[in-house]
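If you read the sequences in order, they're chains A and B.
Numbering follows my numbering, in which position 97 of the first sequence is assigned residue number 97; successive positions increment by one, without gaps.
Numbering follows my numbering, in which position 31 of the second sequence is assigned residue number 31; successive positions increment by one, without gaps.
By construction, these hints were calculated from the structure, which means they are not laboratory data.
A few of these clues could be false.
List of simulated lysine-lysine pairs, DSS-like, C-alpha gap at most 30 Å [claimed, not checked]:
no. : chain 1 : residue 1 : chain 2 : residue 2
1   : A       : LYS102    : A       : LYS27
2   : A       : LYS97     : B       : LYS85
3   : A       : LYS27     : B       : LYS85
4   : B       : LYS23     : A       : LYS27
5   : B       : LYS23     : A       : LYS97
6   : B       : LYS23     : B       : LYS85
7   : A       : LYS102    : B       : LYS23
8   : B       : LYS85     : A       : LYS102
Chain B side only, calculated, beta carbon under 7 Å to chain A, not exhaustive [unchecked claim]:
no. : residue
9   : GLY61
10  : ILE63
11  : ALA83
12  : SER115
13  : ILE125
14  : ILE141
15  : LEU145
16  : ALA153
For every residue, glycine included, the Cβ atom is placed at its ideal position computed from N, Cα and C.
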Amino acid sequence: MEIGLQHYLILSAALFAVGLFGALTRKHLITILMCLEMMLNAVNIALVAFSRFVTPALMTGQIFAVFVIVVAAAETAVGLAIIISVYRHRQAVHSDKIDSMKR
Amino acid sequence: MQIAFWALAALIVLAALAVITLKNVFRAALALIVCFVAVAGIYVTLSADFLAVVQILIYVGGISILILLAIMLTRNLSDGSPANKLRLPAFLIAAVFLGLIVYAVVNTTFPVSNSLPPEATVSGIGRLLLDNNGYVLPLEISGVLLLAAILGAVVMAREK
């Protein structure tokens, strides 16, 4: 059986679903950030697969993937800075300990 | 080609499951690095050589190191990543999402092109990014975004 576009899309959906489950259930802030990175990687796989199989000569999907990687890098830098700042103020990195807006 | 795809796909899914199941956050980050490297391999099987290199450079070389450093800076006695109470609804949401996507993908006929992809993608991507009809404005905006992110990260993370 030839490996086609659908295989890559299902792989992408599986990685996204795992990342979604982790981002919704984990308490550690850095684990949530790692799950977000996994979801962005899943989207990139889908973009590059579409680019490879539907419009191989244009490469527009690869350009989109490059921009997604840029935004992911910026998001990680800011997110980790926020986590370090929160840790310095509250000595906590679990999301259930950071609930002062709920009380 | 097929063996490479199946091996990389299994590695990606296993590493992702390890990220969300391992109790130790540091080990989860190491599993995440394995996942990133396998995704770079998937890019190679899609003949996207430039993206594979970028994935290794930025994700494996940059973002993973940032995450490991942040874990080491915020390590405390109550280490570990426990799950919250949303486990069952979150599992249902993820399973329904996966089922819907798989159903949609299997039942759609995509306009797959038979032409082969270009041998090397670097020059094509460079032209698309910097040509007159290309993506010059998004490129410049992403540069400004990176500058803003660096400044914001420095301001937020430094000692008062």
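Hint check, ILE63 of chain B versus chain A [nearest Cβ-Cβ separation less than 7 Å]: holds (5 Å)
Hint SER115 of chain B vs chain A: min CB-CB distance below 7 Å? holds (5 Å)
Holds or violated: LYS23 of chain B with LYS85 of chain B, Cα cutoff 30 Å? Within the cut-off at roughly 16 Å; holds.
Under 7 Å, Cβ to Cβ, is where ALA83 of chain B needs to be relative to chain A, so tell me if that hint holds or is violated. holds (5 Å)
Under the criterion that the straight-line Cα-Cα distance not exceed 30 Å, is the pair LYS27 of chain A, LYS85 of chain B satisfied? Holds, at about 10 Å.
Would you settle whether the hint for ALA153 of chain B is holds or violated, based on the nearest Cβ-Cβ distance to chain A being less than 7 Å? Status holds, d = 4 Å.
Please work out if LYS97 of chain A and LYS85 of chain B have their alpha carbons no farther apart than 30 Å. holds (14 Å)
Please check whether ILE125 of chain B passes as an interface residue: C-beta within 7 Å of a C-beta belonging to chain A. holds (6 Å)
Once the shortest beta carbon distance from GLY61 of chain B to chain A is found, is it less than 7 Å? violated (11 Å)
Please work out if LYS102 of chain A and LYS23 of chain B have their alpha carbons no farther apart than 30 Å. holds (27 Å)
Within 30 Å, alpha carbon to alpha carbon, are LYS85 of chain B and LYS102 of chain A? holds (17 Å)
Regarding the pair LYS23 of chain B and LYS27 of chain A, is the alpha-carbon distance no greater than 30 Å? Holds, at roughly 11 Å.
Violation of the numbered hints given earlier is confined to hints 9 and 14; the remaining hints are satisfied by the structure.
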